[in-house]
Structures are given as C-alpha cells and as structure tokens.
Amino acid sequence: MSLLPLIGWAVLPGYATSFLQSLYYGITIRAGDPKPMPQTPRFELHRRRIFILVIISYLLYTLYETFHQVQVAGNYYTLLDVTPFDTDKTIQSKFRRLAARYHPDKIGHQDGADILFMLLRQAEETLLDPVQRFAYDRFGPDALKWGGQLKTTQEFFMISLTRLVLPQYVMSLAAMLVLNWLWWGGFGRYWRFFSLAAMVVLELALITRPRAVFMPAAYLPPTLSAWLPAQSFHLLPFQVLTIARRVSITIHIFISQMAPKGQAQTTRGDDGVSPQTMQQVVKLVQTAQQTDLEATRSLQLAQAPFRGDRETVSGLRRGMQEALVLAGVRSSPGVQQAVGEVIQRRQGAVDAGADDGSGSGSGST
Numbered sequence: 001m002s003l004l005p006l007i008g009w010a011v012l013p014g015y016a017t018s019f020l021q022s023l024y025y026g027i028t029i030r031a032g033d034p035k036p037m038p039q040t041p042r043f044e045l046h047r048r049r050i051f052i053l054v055i056i057s058y059l060l061y062t063l064y065e066t067f068h069q070v071q072v073a074g075n076y077y078t079l080l081d082v083t084p085f086d087t088d089k090t091i092q093s094k095f096r097r098l099a100a101r102y103h104p105d106k107i108g109h110q111d112g113a114d115i116l117f118m119l120l121r122q123a124e125e126t127l128l129d130p131v132q133r134f135a136y137d138r139f140g141p142d143a144l145k146w147g148g149q150l151k152t153t154q155e156f157f158m159i160s161l162t163r164l165v166l167p168q169y170v171m172s173l174a175a176m177l178v179l180n181w182l183w184w185g186g187f188g189r190y191w192r193f194f195s196l197a198a199m200v201v202l203e204l205a206l207i208t209r210p211r212a213v214f215m216p217a218a219y220l221p222p223t224l225s226a227w228l229p230a231q232s233f234h235l236l237p238f239q240v241l242t243i244a245r246r247v248s249i250t251i252h253i254f255i256s257q258m259a260p261k262g263q264a265q266t267t268r269g270d271d272g273v274s275p276q277t278m279q280q281v282v283k284l285v286q287t288a289q290q291t292d293l294e295a296t297r298s299l300q301l302a303q304a305p306f307r308g309d310r311e312t313v314s315g316l317r318r319g320m321q322e323a324l325v326l327a328g329v330r331s332s333p334g335v336q337q338a339v340g341e342v343i344q345r346r347q348g349a350v351d352a353g354a355d356d357g358s359g360s361g362s363g364s365t
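Position 131 (the sequence shown) corresponds to 131 in the UniProt record's numbering; numbering is contiguous.
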C-alpha cells in the first residue's frame, strides 16, 4: 500500500470537514444571525456529524479505488481472455489466436511487442501447468519467482506459510500490540483484533480451497448474471487477498479517525477540564455574546429616530460628548473627595442642629 492514501487519511478529512461546515453554516444560517462558536456543544455536534460523513465517503472512495486498481492490473486469465473454469484446450486455442495476432514477426519489432508476446507465452505456460497455476491463483506472480525446485502444491503451500503468511501476521499482531499500548485508545480495540483474525481465516480458506475464485455472476439470478461480462468479471484468490489487506489497513485508520477526541487523553490518564466546567464556560460565553448583541440592538433602536436628521444627530452627539465629559469629571478622585467633604459638612451641620433642638427642649421642661 502506497503512502499517498495514508497521507490523505491524515490531512483530507480535517480540511474537508472545516470547509463543509463553513459551507453548511453559510447556507443554513441567515446573514446577521450568530453562528455557533468553536468549542460549543452545537458547533462540536455539527462538526462531528460532518466529520463522520467525510470519513465514510473517503472510506468508500478508498475501497472503490483499491478494487479498480486490482481490476486494471488484471491477471493471466484476462490477458488470454479466458476464465478460471475454462479447459486447457480453450486456453491453448485462445493463445494461438493471440500469438498469431501479436507475434513480433507479424506486427514488427515495435516497442513492447516482444514483451507482450513473452507475457502471453508465460501466461499460457503457467495456466497449463497445474502446480504453477495453483501457486499463481493463490499467491500471484511473485510465487513464480520462488524457484523451479518446487514441484508439488504441498511444497508451494508450505513455502507460502513460512515466507508469507506467518511472518506477515506475526508482524501485524506485534505492531497492533505496540500501537494499542502507545497510541491507540480503547475505542474500536475489539474490531481491530477481530479484523486481523478475520484476515487470517480468510487467507487460510482461500489458499486451501481447490476452487476459490470469486465470480459475482455465480451469486446473482440468471436474469441479472446474463448482463455481466462473465469473461472478465472475476477475482482470483490473490486479488481478493490484496483487496482484503488494503481494506483491513483502511478500516484500522477509519476506526482511529472515528475515535472521540478525548479518547487518547483518557487512556493516558491526562487531567483535563471536566465536562461540567466546560459546559458552564460555554454557557457564560453564550450569555456574554447574547448580552452584547442585545445592547447593540438597543443602541441602534434608540438612534433610529435620528437617522437622516443631521442637526438632531449633531446635537445628540454634542450632548453625549458633554455627558461623557461630565461623567469623567464626576468620577475623578478630586471631585469625589470634594463632594465627600461637602456631604460630611452638611451631615455635621444637621447633627449639630439636632443636638441644639434637643437641648432647648429639655431646658424648657
């Protein structure tokens, strides 16, 4: 599997989610109305739903791309225009027709003509040899490079177990254990190990069954299968395994993308802000925004009668400036101190008058 899909999984979902969320708010929210702010429950809910939609769409696209690549690569059967169920006579007949058409002596030694003819010859020899055909169907063209000393299907089977199956899945299991310990959280852990076990069972089933060719036409009613290109629409065991391996890797990445944001922090024991505190902070921010919005609207409503009247607006502006200056003067420390002294003198005079009144009243008595 190339690094490009992995880079796509790491980069594209986040950018696509941000773009689609901005587009969604631009379509569904009217101009002037407040949009959900980041870190708010409504914003995070919308982002989560859009993110899930994005990664599911990208998952389906990745699966289709993998299947398309395998189909385009083809195999020896599609090269000779035969099916895995055709007889040796049919294979020989197809090869003779193709050899007569693409022989270098007939079409000239053009670029690729010799290579094409040698590939046709190798395909015919492989499909006519039962042992090589067994190895090719299950392990692909790489099995033909293991050497000519392998003469039986049992030898190919044992070599495949020791060279391909066991090392591959032992390394996969070790990598999964390390990633679960260091990086992955508990989210989706069961499905990761389940997918690995399913891959082991699938590979053992495909390499041990005598006829493990996948043909969709065999699972459809005759009325529908008649419309399918039966001569080319099939998958050999090694093609099925190629798709299954890439699908397994893609599902692992998909599960990691689906994990909640706080999952990794929770599994590592990091202390963060509690959900209750975060909700209170969000409510406080929303209340402040709503108060600011109401104050702005009230100010605009109060200024509405004066719009278009320059004299009134200028008078109102001068009055507001004078009010601001007066408020600034009143709030200055010197003025407040003077006002306090005056209030104290008046309070003292009132107290003195009250004492004089009470003294005269007692003398008359």
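It cannot be assumed that every hint is accurate.
Stated by the list, open to error - When the alpha-carbon atoms are kept at most 30 Å apart in a straight line, the in silico DSSO-like pairs for lysine-lysine are as follows: (1) Lys89 - Lys106; (2) Lys89 - Lys35; (3) Lys35 - Lys283; (4) Lys151 - Lys106; (5) Lys94 - Lys106; (6) Lys35 - Lys106; (7) Lys35 - Lys94.
FYI, nobody ran anything at the bench for these hints, they're computed from the structure.
Query raised in the report: Taking 30 Å as the top limit, are the C-alpha atoms of Lys35 and Lys106 close enough?
Result: Measuring from Cα to Cα gives roughly 72 Å; hence the hint is violated.
**Report entry** Given pair status - Lys35, Lys89, alpha carbons within 30 Å
**Finding:** violated, 71 Å
Query raised in the report: For the pair supplied as a hint, Lys35 and Lys283, is the alpha-carbon distance within the 30 Å limit?
Result: This hinted pair holds, its Cα atoms lying about 15 Å apart.
Query raised in the report: For the pair supplied as a hint, Lys94 and Lys106, is the alpha-carbon distance within the 30 Å limit?
Result: holds, 17 Å
Report task. Sort out whether Lys94 lies within 30 Å of Lys35, counting only the CA atoms. Result -> violated, 67 Å
**Report entry** Hint consistency between Lys89 and Lys106 [alpha-carbon to alpha-carbon, up to 30 Å]
**Finding:** Holds: Lys89 and Lys106 sit about 24 Å apart, inside 30 Å.
Query raised in the report: Are the Cα positions of Lys151 and Lys106 separated by 30 Å at most?
Result: Answer violated: Lys151 to Lys106 is near 36 Å, above 30 Å.
When each numbered hint is compared with the structure, violations occur for hints 2, 4, 6, 7.
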